[in-house]
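Undergrad: Sequence:
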Amino acid sequence: TLPDWLRQPRSGAGVVLVEPVAGQGRAMSDVPRQASAALLVGPEGGWTAGELAAIQEAGLTPVSLGGRTLRADVAPVAALAALFEAWRAW
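Taking our numbering, the leading residue of the sequence shown gets 2, the next gets one more, and so forth.
Read the hints as simulated data drawn from the structure, not as lab findings. All of these numbers come straight from a predicted model, not from anything done at the bench. We put the beta carbon where it would ideally sit given N, CA and C, even for glycine.
Per label pair, the in silico range of CB-to-CB distance: (1) Thr49 <-> Phe85: 28 to 34 Å; (2) Gly46 <-> Ala90: 26 to 32 Å; (3) Gln57 <-> Gln35: 17 to 23 Å; (4) Thr2 <-> Ala90: 29 to 35 Å; (5) Trp6 <-> Ala50: 14 to 20 Å; (6) Ala54 <-> Arg11: 17 to 23 Å; (7) Arg27 <-> Thr49: 17 to 23 Å; (8) Gly47 <-> Ser12: 25 to 31 Å.
Could you put together the complete structure from these sequences and hints?
TA: This is the structure:
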């Protein structure tokens, strides 16, 4: 479950994708480069307010991929590409 995952220890960057309408997302370039990253992608329809609060309390950085809402199956691929580009990790 999400609460169980959030309680697990992590090293590296913690990034959560948020929909543009959430109004909370920063640019991927705002995520400091680290040796690893955990990328959390939400369900179709977006995160609930309670889920977003728990995610931010766990220290993950909310990131938006721009003004378009992507499908949940496409978002991880786009996010990884954006992260690799932001970190110049190609």
